[in-house]
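Peer 1: Residue-level listing of the chains:
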Amino acid sequence: ETGVTQTPRHLVMGMTNKKSLKCEQHLGHNAMYWYKQSAKKPLELMFVYSLEERVENNSVPSRFSPECPNSSHLFLHLHTLQPEDSALYLCASSQDYFSEKLFFGSGTQLSVL
Amino acid sequence: DAKTTQPPSMDCAEGRAANLPCNHSTISGNEYVYWYRQIHSQGPQYIIHGLKNNETNEMASLIITEDRKSSTLILPHATLRDTAVYYCIVMGGKSTFGDGTTLTVKP
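In order, the protein sequences belong to chains A and B.
Take the first sequence: its letter number 5 is residue 5 in my numbering, and every next letter is one higher.
Take the second sequence: its letter number 52 is residue 52 in my numbering, and every next letter is one higher.
So here's chain B without its partners, still in its complex pose (with noise of 0.2 Å):
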């Protein structure tokens, strides 16, 4: 199973976009790229996935190398309620969450 990595917290101001990386450089052909998130106490959200092509929903857009060793989630214009722990996963990840990315967004 493919592992990732993110940095371990990122600041935004509210209104701003937020872009948060991930790294996942040993990732498979056919494994896809889940995000979640998690705020303070609750059950994780899924956000997003994708394989290889960029991905948007109503909730954030998912860029996706050309190599598929790294990706980026973007939450186009971060409010304070999307302060959380974002976690990036891939294919058989569903048992290695990670330490995620705490982002705080910031009036």
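The shape of chain A in the complex, shown without the other chains (with noise of 0.2 Å):
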């Protein structure tokens, strides 16, 4: 147990379909990450939140929402997303911006069909 806490752990999901990934940290974290790993691939960050303010957005498409509401929580927001868009989205949190300790969720994994 991480202190990281993703939900849902799978989703399904057509392409016209409007889901959300949900991640909550108990450790006090002031920064807050959504990372893309696809089949065989390394990791891709995708967004970075320092003090609930974006601080990263690293040329995602916009079918990827990410809102932080505070600074335990994170969603990411998916609509009409495209079959490469099938990955573990994994979320993962770290004291603040310019700390290299992460500590990650278990993750989601996500199907589009």
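Hints listed in this document are in silico derivations from the structure and should not be mistaken for laboratory results.
Wrong hints could be hidden among the right ones.
Unchecked claim - Here are the simulated distance ranges between beta carbons:
hint, chain 1, residue 1, chain 2, residue 2, range
1, B, Asn23, A, Val55, 27 to 33 Å
2, A, Asn70, B, Pro8, 38 to 44 Å
3, B, Pro76, A, Gln109, 30 to 36 Å
4, A, His10, B, Glu58, 28 to 34 Å
As the list claims (entries may be wrong) - The list that follows gives simulated cross-link-like pairs (lysine to any residue, SDA-like), each with its CA atoms no further than 25 Å apart:
hint, chain 1, residue 1, chain 2, residue 2
5, A, Lys40, B, Asn19
6, A, Lys101, B, Glu31
7, A, Lys101, B, Asn57
8, B, Lys106, B, Glu58
Even for Gly, the Cβ is constructed at its ideal location relative to N, Cα and C.
Work from the hints to combine the two standalone chains into their complex.
Peer 2: Structure (structure tokens):
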């Protein structure tokens, strides 16, 4: 148990659906991250929030929309996804933006049909 | 940001020490070396980090060369549950985890 909880653990959605991934951290951290990991590929950093402000957005398509309502919660809203968006989506947190010690959740395995 | 190079795969016999190397020849003086591992379909797990001194914790030991251009993660008594992908990153590297080393521990 890392203190970072992601729900749901698995998600199957059609290309016209709208769904949201949720991440919650109980560590009192100030930075939160979304990563994407496609099959057999390295982790790709998608978004970074520091003190609830988005500080990094790494050329992610607009069909992925992050939301950070407070320092403990992070959402990734999904709409009109493509089959190639099927991947493991990982949330992480760190004490602050400059800390390299990341605590990851177990991820959401997303399948887009 | 410093880039790291790791061998793509390694095997280790159960109960033996696993020594995983990492090259970070462009590391700057104030950049830490971090190690994570990822068991299949789970989130990466922090293992250990260091700046220039050798470090040890309940999971592993980290040996950093004097010139800091390379490091070795040591799992002293590997078990089957240590089979995973091991990532070495340096400061600023949380956006570039790379391919890591797939360690397979065999009975």
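Peer 1: A separate judgement is required for each hint: does it hold in the structure or not?
Peer 2: Here is how each hint holds up against the structure:
1. Between asparagine 23/B and valine 55/A the Cβ separation comes to about 30 Å, which falls inside the hinted range of 27 to 33 Å.
2. The hint said 38 to 44 Å for the Cβ distance between asparagine 70/A and proline 8/B, and at roughly 41 Å that hint holds.
3. Checked against the hint of 30 to 36 Å, the C-beta distance between proline 76/B and glutamine 109/A comes to roughly 33 Å, which is consistent with it.
4. Taking 28 to 34 Å as the suggested C-beta distance range, the pair histidine 10/A and glutamate 58/B conforms, at roughly 31 Å.
5. A distance of roughly 23 Å separates the Cα atoms of lysine 40/A and asparagine 19/B; the hinted pair therefore holds under the 25 Å criterion.
6. Between lysine 101/A and glutamate 31/B, the direct Cα distance comes to roughly 13 Å. Compliance with the 25 Å bound is thereby established for this hinted pair.
7. For the hint linking lysine 101/A to asparagine 57/B, the alpha-carbon distance of about 15 Å falls within 25 Å, and the restraint holds.
8. Note on lysine 106/B and glutamate 58/B: the hinted pairing holds, with a Cα-Cα distance of about 22 Å set against a maximum of 25 Å.
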